[in-house]
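Engineer: Each chain, written out:
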Amino acid sequence: MTLASPPRFAHDSEAELARILDYYGVAWRYEPDVFPISWSADGVVIESFAPDFYLPEIDLYVELTTLRQSLVRKKNRKLRWMRQLYPEVRVKLFYARDFKALMVKYGRLDFLTGVAAANSAHAVTGNGNGVRG
Amino acid sequence: MSLHDDVEVILLDSQTVANRVAELGAQLSADYAGRDPVLVSVLKGALVFLADLMRAMDLPTSIDLMEVSSYGAGTETSGQVRILKDLSKPIEGRDVIVVEDIIDTGLTLNYLLGYLADRQPASIKICCLLDKPARRLAEISIDYRGFTIPDRFVIGYGLDYNERYRNLPYIGVLKPSVYGGAPPDG
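Chains as they are written, first to last, in this note's numbering: chain Z, 2 to 134; chain E, 309 to 494.
These are computed hints drawn from the structure, not numbers from a lab.
Incorrect hints may appear among the rest.
Stated by the list, open to error - Cβ pair distances, simulated, as ranges:
id, chain 1, residue 1, chain 2, residue 2, range
1, E, G401, Z, E58, 26 to 36 Å
2, E, S322, Z, V46, 55 to 65 Å
3, E, D313, Z, R84, 40 to 50 Å
4, Z, K75, E, G488, 18 to 28 Å
5, Z, S71, E, G488, 14 to 24 Å
6, Z, K75, E, G401, 48 to 58 Å
Being a predicted model, the structure only gives us computed values, none of them experimental.
Glycine included, C-beta positions come from ideal geometry on N, C-alpha and C.
Chain Z with its partners taken away, still in its complex shape (with noise of 0.2 Å):
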């Protein structure tokens, strides 16, 4: 981690996955860069991505989809613009599946309790969190 401080993530999944970087001494940095990804008439940006992780060791953006599938679909679709106007950047997608597979891996069915019940919470009140970008 190269901030002095924690940031404030957005997603219970995304500290986790942060502290799993930590423990394995590998570098990242919490949402560094936006990517514009459509544009108005008059040149305005009106959509942008901003992949969650950024690891500089292997140059390598992560963006993490564990909430509802309308907003992995919209994800999806942000990604394949982003393919095809920045085809130099890396982008690995971890769906909620890649998650929860991590978490059956490191034993940590606990936390995925407590993802499901955060995402029902915000499936009710339509909070969008983990939606940006």
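Starting from the known structure of chain Z, fit chain E onto it as the hints suggest.
Structural biologist: The following block gives chain E in isolation, referenced to the frame of chain Z:
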């Protein structure tokens, strides 16, 4: 209740694994002819692969074992990887072959490679039985690869879930109901 009952599907049967391990052993024997590499494995998952691979190699090899802590439920938020069991002999000037059962995120191996490199071996190569690249979070260059597998939770041939299933003779996919009740979605 048999261990096999928890297996959704056999991904690689024992004969397929044995054939590939023999091929890897032959390849390593050719590539390291005239040298005496040390095979370094990480406990515990790679033990079965290591045992079979070393017997498939016609070389004067030696082995060493390490154990490293894993991120998990008991991890403190400020925790870091710890070496639980270090190499028993120096590897300075030696040709090291890291023998791994599976490379998934690559995080453990990435840490280990740095640790081993600091001990100034003559060379370090990686031999893994299973490469699961879908969730890779570290840049790992695999020199000898048994199989590239899809993103499934695999067990057997040394691989475990909660310390079980290591003794299955094949590599199978664990039924999701065993570790969470429902297939992962998303």
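Engineer: All the hints need checking, so say for each whether the structure fits it.
Structural biologist: Hints, one by one, checked against the model:
no., hint, result
1, G401/E - E58/Z: 26 to 36 Å, "holds, 27 Å"
2, S322/E - V46/Z: 55 to 65 Å, "holds, 56 Å"
3, D313/E - R84/Z: 40 to 50 Å, "holds, 42 Å"
4, K75/Z - G488/E: 18 to 28 Å, "holds, 26 Å"
5, S71/Z - G488/E: 14 to 24 Å, "holds, 23 Å"
6, K75/Z - G401/E: 48 to 58 Å, "holds, 55 Å"
When held up to the earlier numbered hints, the structure conflicts with none and fits them all.
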